[in-house]
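Since the structure of chain P is provided, determine the placement of chain E on it from the hints.
Number of protein chains: 2
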Amino acid sequence: MTLSATIQDIAQRAKAASRPLATASTETKNRVLAEIARGLTLNRDKIQTENLRDIKAARQKGMSEAMIDRLFISDKILEGMIQGLDQVIALPDPVGIITRSWTRPNGLEISKKRIPLGVIAMIYESRPNVTVDAAALCLKSGNAAILRGGSEAFYSNTILAHIIGNALEGTDLPRESVQVLPVRDRRAINELLVQENYIDLVIPRGGEALIRFVVEHSTIPVLKHYRGICHVFVDETCDVDGAVAICINSKAQRPGVCNAMETLLVHEQIAPIFLPKVARAFKEAGVEMRGCPATLALVPEALPASETDWSTEYLDLIVSVKVVKGITQAMDHIAEFGSDHTDVIVTNNPHNAETFVKTVSSSMVGVNVSTRFNDGGELGLGAEIGISTSRLHAFGPMGLEELTSTKFVVVGRGQTRH
Amino acid sequence: MTLSATIQDIAQRAKAASRPLATASTETKNRVLAEIARGLTLNRDKIQTENLRDIKAARQKGMSEAMIDRLFISDKILEGMIQGLDQVIALPDPVGIITRSWTRPNGLEISKKRIPLGVIAMIYESRPNVTVDAAALCLKSGNAAILRGGSEAFYSNTILAHIIGNALEGTDLPRESVQVLPVRDRRAINELLVQENYIDLVIPRGGEALIRFVVEHSTIPVLKHYRGICHVFVDETCDVDGAVAICINSKAQRPGVCNAMETLLVHEQIAPIFLPKVARAFKEAGVEMRGCPATLALVPEALPASETDWSTEYLDLIVSVKVVKGITQAMDHIAEFGSDHTDVIVTNNPHNAETFVKTVSSSMVGVNVSTRFNDGGELGLGAEIGISTSRLHAFGPMGLEELTSTKFVVVGRGQTRH
Chain P
42 MTLSATIQDI AQRAKAASRP LATASTETKN RVLAEIARGL TLNRDKIQTE NLRDIKAARQ
102 KGMSEAMIDR LFISDKILEG MIQGLDQVIA LPDPVGIITR SWTRPNGLEI SKKRIPLGVI
162 AMIYESRPNV TVDAAALCLK SGNAAILRGG SEAFYSNTIL AHIIGNALEG TDLPRESVQV
222 LPVRDRRAIN ELLVQENYID LVIPRGGEAL IRFVVEHSTI PVLKHYRGIC HVFVDETCDV
282 DGAVAICINS KAQRPGVCNA METLLVHEQI APIFLPKVAR AFKEAGVEMR GCPATLALVP
342 EALPASETDW STEYLDLIVS VKVVKGITQA MDHIAEFGSD HTDVIVTNNP HNAETFVKTV
402 SSSMVGVNVS TRFNDGGELG LGAEIGISTS RLHAFGPMGL EELTSTKFVV VGRGQTRH
Chain E
42 MTLSATIQDI AQRAKAASRP LATASTETKN RVLAEIARGL TLNRDKIQTE NLRDIKAARQ
102 KGMSEAMIDR LFISDKILEG MIQGLDQVIA LPDPVGIITR SWTRPNGLEI SKKRIPLGVI
162 AMIYESRPNV TVDAAALCLK SGNAAILRGG SEAFYSNTIL AHIIGNALEG TDLPRESVQV
222 LPVRDRRAIN ELLVQENYID LVIPRGGEAL IRFVVEHSTI PVLKHYRGIC HVFVDETCDV
282 DGAVAICINS KAQRPGVCNA METLLVHEQI APIFLPKVAR AFKEAGVEMR GCPATLALVP
342 EALPASETDW STEYLDLIVS VKVVKGITQA MDHIAEFGSD HTDVIVTNNP HNAETFVKTV
402 SSSMVGVNVS TRFNDGGELG LGAEIGISTS RLHAFGPMGL EELTSTKFVV VGRGQTRH
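These protein sequence lines are chains P and E, in that order.
Be aware that the first sequence starts at 42, since it is given in my numbering, and climbs by one per residue.
Be aware that the second sequence starts at 42, since it is given in my numbering, and climbs by one per residue.
The list treats identical chains as one, so a pair stands whether inside a single copy or across any two.
List of simulated lysine to aspartate or glutamate pairs, EDC-like, C-alpha gap at most 16 Å:
1. Lys318 with Glu277
2. Lys366 with Glu309
3. Lys153 with Asp416
4. Lys153 with Glu442
These aren't lab readings, by the way, just hints derived from the structure by calculation.
Pulled out of the complex, with its shape left as it was, chain P reads as follows (with noise of 0.2 Å):
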């Protein structure tokens, strides 16, 4: 077969399966994945000897240890993949929930009802726990699911591939419920995206070269995240204290990810008590600033920023700085450099936190929060697949929910239209 045909061949699978695992009870979905557990349980040594195999090859390349590092199969993270089952076992099913329902004045009832996607595509770099965390998430929301991870986990996502598989044997659902792509061809991506009868969403995660290839070469609909630039805005009128706390936490509790703050904006009236403080906290846990010419007036050991620096996702412990006039300029550089992911106001105003939410239209907007609580956990919407920074569909974090669609139930007694 051609690499066009396997691909299409495994679309056409995955789509078939998607029939019998919508209508799928929630005891047969959560049976599979306590099978998975068990398999990953049971095959401890013969997943971390496959994923051998892969940072052995990854090391012959010359591979960062950053990048080793991602790929590696710990004890921990192979721990951490059977939890992340758990949680989603006991986590809500949302297929077959009426979302909405009423009477039309003929006498139609209404409702709106969960249902699947359908197919899901993802397509991901390294870490192999994406594999069976993704797998997790598409079989509970009843959707089906053809996983593309690195080609540098290939040994990695095999064996994971098939202990899911197997898990899959063990009940009434099709093997191909989950299919992990069994080509290393990067050419592979390009006839996946164009599956558009088949798969009906791909959700790319990794760097954003990833992401704009994904988006450029796919005919079928892209949840995308790009970046995460995250700003927090000091107003005049916060507790200092409180908002030197939010600032180290949005910025350093985990500096490499998409909601760590990035620039943090200050009222001019504040700034003189603030800065200086700030600057202390951020030094102590390492953090360097880059600051607009007024915050080098009030913190002298801050390096000046650049104007690429506030449109850079540092993902790093560096923060950029600069002080604002207020809260209308304060949004406008939010609106002009920011990413539409998370954006905070520290205030004891009622009414600039209410203009900061009307008016900031980010994924999550927050107040007297740290930007690090907008994630799926934090928010109480159990595991995520990713985290959407464009509002079709699904913005902001992306849980069971957002993997299903909702139809039109119209239950009559033969009404006709006039």
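Leaving out everything else, chain E in the frame of chain P:
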């Protein structure tokens, strides 16, 4: 300016306009809509004069009378535009609505709040009334709109755009809240479809060729409506006269639209009674039947159906008819040939109704109703901007709510993440 620069400029202006529009009050938005209605009323003659220019050019080009008919702004069409505006004014404003709220154990108060999508581009053919309808729905839902009608309606759309622009100018909202592409060059569409930094959604409305073109060239999310291959399945327990009425209404009440029935599936046990009856009714309504062999045995005057009939959207007084062994075969047929649009079961067996509703996942699944009810107005959603046949974001008729997204609002008292 090059074409590329012109289109990017328009997209940027739309994005800038979308900010004040997103926070505009319901009153302001309704005032603009009322002003547009007034503008249409005052400029009837001008509109129809410009429309005649388009029609004259279309005649010279040898366009079909059916196409010219769609292009024509009759008194009735103009009246319909004005009434449509009044209907949109009367609809509730979805923006700002809290759809859900909850409190986390750490005291964070979380809510999901409706926000506009941002900038919506509509690409459509012929009917110039879409210009006013789309502008009204986008404005009411707080979205900036970029409209690209067919080049054959250029003069009609230009005068309508002028009236809309003047209405906007009379309020606090930017004139660029609604822009009609001022270029006839078809390459403008290609340029528009890559403005993903400024445009949030593209909605194509027209033939399948237009929609496929948009899907293939867009880097912006697309909400599309392909074909409507709608089925009615008449099961063995149905009320025969009621089933005949539903079939006639589904097929013949308005055959040229997407929610008209294209294929009738009949249980073999009821076929000997039902088919001759429905055949008489179809004949009276001028409907041509194309049947499977079992249908032909019961209705000798029907034409034989070929394999392509099952996947043909006739949009005409033609129906394909197939006798099936039971509900499973009916649902398999729908899964194979259907287009996820509208499918109906006619039955008196509650178990069959339940199975059908659970298994068939088209945008509308009906029990004992005409397929023609899959319509924003009929379902009680108000005016619709299109019917989506893909499950992402919106599935089925798209009203005002479907032109919005939600953001998370998180209010705390200084909480940080552990």
